[in-house]
Amino acid sequence: MSGFSTPKRPRTVTITFWSVTFLGIWNLGRAIAIGQQLNLQDVLNLQPDPRLRLVAAGLFTVLFFWLAWQLWRKRPFTIQAIPVTIGWYTVYETAVWLIFAQQPRNWSLWVISSLLLIGTILFTRWALRRAAQTYF
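Numbering (the numbering used here), first residue to last: 0 to 135.
It is possible that some hints are incorrect.
Using 25 Å as the maximum straight-line C-alpha spacing, the simulated SDA-like pairs for lysine to any residue come out as follows [what the hints assert, rightly or not]:
no.	residue 1	residue 2
1	Lys-73	Thr-84
2	Lys-73	Arg-124
3	Lys-73	Ile-117
4	Lys-7	Phe-21
5	Lys-73	Thr-133
6	Lys-7	Trp-65
7	Lys-73	Gly-118
8	Lys-73	Gln-35
9	Lys-7	Lys-73
10	Lys-73	Ala-131
11	Lys-7	Ser-18
12	Lys-73	Val-83
13	Lys-7	Tyr-91
14	Lys-7	Gln-69
15	Lys-73	Ala-130
16	Lys-7	Arg-124
17	Lys-7	Leu-115
18	Lys-73	Phe-16
19	Lys-73	Thr-60
20	Lys-7	Pro-75
21	Lys-73	Trp-25
22	Lys-7	Ala-80
23	Lys-73	Pro-9
24	Lys-7	Gly-23
25	Lys-7	Ala-94
26	Lys-7	Thr-133
27	Lys-7	Arg-72
28	Lys-73	Val-54
29	Lys-73	Arg-128
30	Lys-7	Arg-128
31	Lys-7	Phe-64
32	Lys-7	Gln-79
33	Lys-73	Ile-111
FYI, nobody ran anything at the bench for these hints, they're computed from the structure.
I would like the entire structure built from these sequences, with the hints used as guidance.
Right, here's the structure in full:
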């Protein structure tokens with residue numbers, strides 16, 4: 000007998016779990032960085048207001064960690080909730096890039112960022128629907 004046991008969850012669900020966890024960690028880091036630099040708002044008059052971005056980063060941090068936890072617990076609603084949440088995150092990130100970024104940076108990085116997040120949406124939707132019969 001082999002000492003290895005068969006995985007209890009499909010590999011695509013594991014990749015989705017780590018993707019959602021990574022997005023939560025990314026937003027946690029963003030919230031910490033923005034929180035440490037809030038005093039720059041008075042000096043630089045930053046747009047959009049860093050407090051708004053801090054709240055958004057905190058909200059997405061909690062939401063992504065909660066969804067990762069629910070995916071770990073095999074909750075069926077995560078099949079729809081994870082791609083929709085990543086979709087809203089993509090809309091938010093793209094809007095911030097398009098509205099507030101300066102022109103040279105605006106047109107180069109927002110496309111890459113948006114395409115990466117759209118690819119994540121499509122992958123998670125496919126992965127969770129594919130595993131729905133056996134995992135959830």
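Comparing the hints with the structure gives:
Only pairs whose Cα atoms come within 25 Å are accepted, and Lys-73 paired with Thr-84 is accepted, the gap being roughly 17 Å. Note on Lys-73 and Arg-124: the hinted pairing holds, with a Cα-Cα distance of about 15 Å set against a maximum of 25 Å. Only pairs whose Cα atoms come within 25 Å are accepted, and Lys-73 paired with Ile-117 is accepted, the gap being roughly 24 Å. Proximity of Lys-7 to Phe-21 is assessed by CA-CA distance (about 21 Å); at most 25 Å being required, the pair is judged to hold.
Among the hinted pairs, Lys-73 with Thr-133 is consistent with the structure: their alpha-carbon atoms are about 11 Å apart, no more than 25 Å. For the suggested pair Lys-7 and Trp-65, the alpha carbons sit about 21 Å apart, so the restraint of at most 25 Å is met. Straight-line distance between C-alpha atoms of Lys-73 and Gly-118 comes to about 23 Å, which keeps the hinted pair within the 25 Å bound. Our distance criterion of 25 Å between C-alpha atoms is broken by Lys-73 and Gln-35, whose separation comes to about 36 Å.
Of the pairs offered as hints, the one joining Lys-7 and Lys-73 holds, with about 11 Å between alpha carbons and a cut-off of 25 Å not exceeded. With a C-alpha separation of about 10 Å, the suggested pairing of Lys-73 with Ala-131 holds against the 25 Å cut-off. Taken as a hint, the Lys-7 and Ser-18 pair is honoured in the structure, with Cα atoms around 18 Å apart against an allowance of 25 Å. Using a Cα cut-off of 25 Å, the hinted pair Lys-73 and Val-83 holds, with the two alpha carbons roughly 17 Å apart.
Taking the CA atoms of Lys-7 and Tyr-91, the gap is near 35 Å; set against the 25 Å cutoff, the hint is violated. This hinted pair checks out: Lys-7 and Gln-69 have alpha carbons roughly 16 Å apart, not beyond 25 Å. Restraint check: the Cα-Cα separation between Lys-73 and Ala-130 comes to about 11 Å, which is no more than 25 Å; the hinted pair holds. For a cut-off of 25 Å, the pair hint linking Lys-7 to Arg-124 stands: about 20 Å separates their Cα positions.
Straight-line distance between C-alpha atoms of Lys-7 and Leu-115 comes to about 28 Å, which puts the hinted pair past the 25 Å bound. Restraint check: the Cα-Cα separation between Lys-73 and Phe-16 comes to about 11 Å, which is no more than 25 Å; the hinted pair holds. Under the criterion of a C-alpha separation no larger than 25 Å, the hint pairing Lys-73 with Thr-60 is consistent with the structure, at around 20 Å. A hinted pair counts as satisfied when its Cα atoms are at most 25 Å apart, and Lys-7 with Pro-75 qualifies at roughly 16 Å.
Between Lys-73 and Trp-25 the alpha-carbon distance is near 23 Å, which keeps this suggested pair within the 25 Å criterion. Annotation: proposed proximity of Lys-7 to Ala-80 holds, straight-line Cα distance about 22 Å (limit 25 Å). The suggested pairing of Lys-73 with Pro-9 holds, with an alpha-carbon distance near 12 Å, which does not exceed 25 Å. With a C-alpha separation of about 24 Å, the suggested pair Lys-7 and Gly-23 falls inside the 25 Å cut-off, and the hint holds.
Note on Lys-7 and Ala-94: the hinted pairing is violated, with a Cα-Cα distance of about 39 Å set against a maximum of 25 Å. Taken as a hint, the Lys-7 and Thr-133 pair is honoured in the structure, with Cα atoms around 10 Å apart against an allowance of 25 Å. Taking the CA atoms of Lys-7 and Arg-72, the gap is near 12 Å; set against the 25 Å cutoff, the hint holds. Pair hint Lys-73 plus Val-54 does not hold up; C-alpha atoms about 28 Å apart against a cutoff of 25 Å.
For the given pair, Lys-73 sits about 13 Å from Arg-128 by alpha-carbon distance, which is consistent with the 25 Å threshold. Proposed proximity of Lys-7 and Arg-128 is supported: the alpha carbons are some 17 Å apart, at most 25 Å. The straight-line distance between the Cα atoms of Lys-7 and Phe-64 is roughly 21 Å, inside the 25 Å bound, and the hint therefore holds. Among the hinted pairs, Lys-7 with Gln-79 is consistent with the structure: their alpha-carbon atoms are about 21 Å apart, no more than 25 Å.
About 32 Å separates the Cα atoms of Lys-73 and Ile-111, which puts this hinted pair outside 25 Å; it is violated.
Against the hints set out earlier in the document, violations occur for numbers 8, 13, 17, 25, 28 and 33.
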